[in-house]
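*Asks:* Just so you know, the protein sequences line up as chains A and B, in that order. At position 31 of the first sequence the residue is numbered 31 (this note's numbering), and the sequence of numbers has no breaks. At position 69 of the second sequence the residue is numbered 69 (this note's numbering), and the sequence of numbers has no breaks.
Rather than coming from a laboratory, the hints here were simulated on the basis of the structure. A virtual CB, placed ideally from N, CA and C, is assigned to each residue, including glycine. Check each hint, because a few of them may be wrong.
Said to hold, decoys possible - Straight-line C-alpha distance at most 27 Å; calculated DSS-like pairs for lysine-lysine:
| hint | chain 1 | residue 1 | chain 2 | residue 2 |
| --- | --- | --- | --- | --- |
| 1 | B | 64 | A | 1 |
| 2 | A | 42 | B | 20 |
| 3 | B | 41 | A | 42 |
| 4 | A | 42 | B | 14 |
| 5 | B | 64 | A | 42 |
To be verified - Stretch-level coverage of chain B by chain A, calculated; a stretch enters the list once three of its residues show a Cβ under 8 Å from a Cβ in chain A:
| hint | segment |
| --- | --- |
| 6 | 28-36 |
| 7 | 39-50 |
| 8 | 87-97 |
| 9 | 107-113 |
As the list claims (entries may be wrong) - A few chain B positions that, by computed beta-carbon distances, are all more than 10 Å from chain A:
| hint | residue |
| --- | --- |
| 10 | 7 |
| 11 | 12 |
| 12 | 16 |
| 13 | 53 |
| 14 | 68 |
| 15 | 70 |
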Amino acid sequence: KQEVTQIPAALSVPEGENLVLNCSFTDSAIYNLQWFRQDPGKGLTSLLLIQSSQREQTSGRLNASLDKSSGRSTLYIAASQPGDSATYLCAVPNSGNTPLVFGKGTRLSVIA
Amino acid sequence: GAVVSQHPSRVICKSGTSVKIECRSLDFQATTMFWYRQFPKQSLMLMATSNEGSKATYEQGVEKDKFLINHASLTLSTLTVTSAHPEDSSFYICSATGQGYNYGYTFGSGTRLTVV
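Please model the entire structure based on the sequences and the hints provided.
*Replies:* Structure (structure tokens):
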């Protein structure tokens with residue numbers, strides 16, 4: 001059974017810092033890996049999708065890497081801003097249309 | 001980009017009534033949709049998976065007669081909470097993906113249900 005773990009559970013940083021969020025998964029036979037953010041009382045916003053054949057994806061200040069063999073992914077946020085404050089979730093499906101398995105998330109606070 | 005529209009965003013209903021929540025994929029064919037509920041400060045809990053044209057598959061502990069899911073088209077799934085009670089008050093979120101779909105999974109903006 002796939003399990004996804006995210007470390008740290010919470011993180012507080014001053015504005016402008018670069019930071020790394022970690023995600024690990026137990027079964028390396030993943031279809032893809034997706035990073036989301038969730039603001040309080042809102043739905044999930046997809047940040048980055050990495051296909052199983054890819055090593056990384058970038059979007060603006062965000063960069064996500066994937067190492068399937070070690071069961072790890074990282075989300076790098078450059079030059080953090082208060083607007084980045086949210087809960088960040090890592091999720092994997094075992095195939096193309098099965099339910100996502102989520103980590104418990106990292107709650108990020110960026111202090112101005 | 002892919003968009004999933006979920007309505008209503010908030011609903012208040014009286015105990016014993018039914019509430020319908022709609023989830024629409026606006027620019028792709030959603031062959032599979034998922035429904036989640038989320039309690040404050042907790043993780044998403046998968047309620048059911050629905051494939052277009054088929055009966056939904058419910059997770060253990062989710063009452064299928066209480067939470068009716070319909071996925072009759074490739075762009076629309078509905079969740080009906082029947083005979084709602086205060087304990088059904090929660091945040092409900094839908095998600096959709098498509099066959100050969102390169103955007104991964106897209107989530108709706110959620111529905112805050114309050115049963116009074």
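*Asks:* Does each hint fit the structure? Answer for all of them.
*Replies:* Hints versus structure:
no.: 1; hint: B/64 - A/1; result: 24 Å, holds
no.: 2; hint: A/42 - B/20; result: 19 Å, holds
no.: 3; hint: B/41 - A/42; result: 12 Å, holds
no.: 4; hint: A/42 - B/14; result: 23 Å, holds
no.: 5; hint: B/64 - A/42; result: 25 Å, holds
no.: 6; hint: 28-36; result: holds (count 3)
no.: 7; hint: 39-50; result: holds (count 4)
no.: 8; hint: 87-97; result: holds (count 4)
no.: 9; hint: 107-113; result: holds (count 5)
no.: 10; hint: 7; result: 12 Å, holds
no.: 11; hint: 12; result: 15 Å, holds
no.: 12; hint: 16; result: 26 Å, holds
no.: 13; hint: 53; result: 14 Å, holds
no.: 14; hint: 68; result: 19 Å, holds
no.: 15; hint: 70; result: 18 Å, holds
Violated hints are absent here; each numbered hint is respected by the structure.
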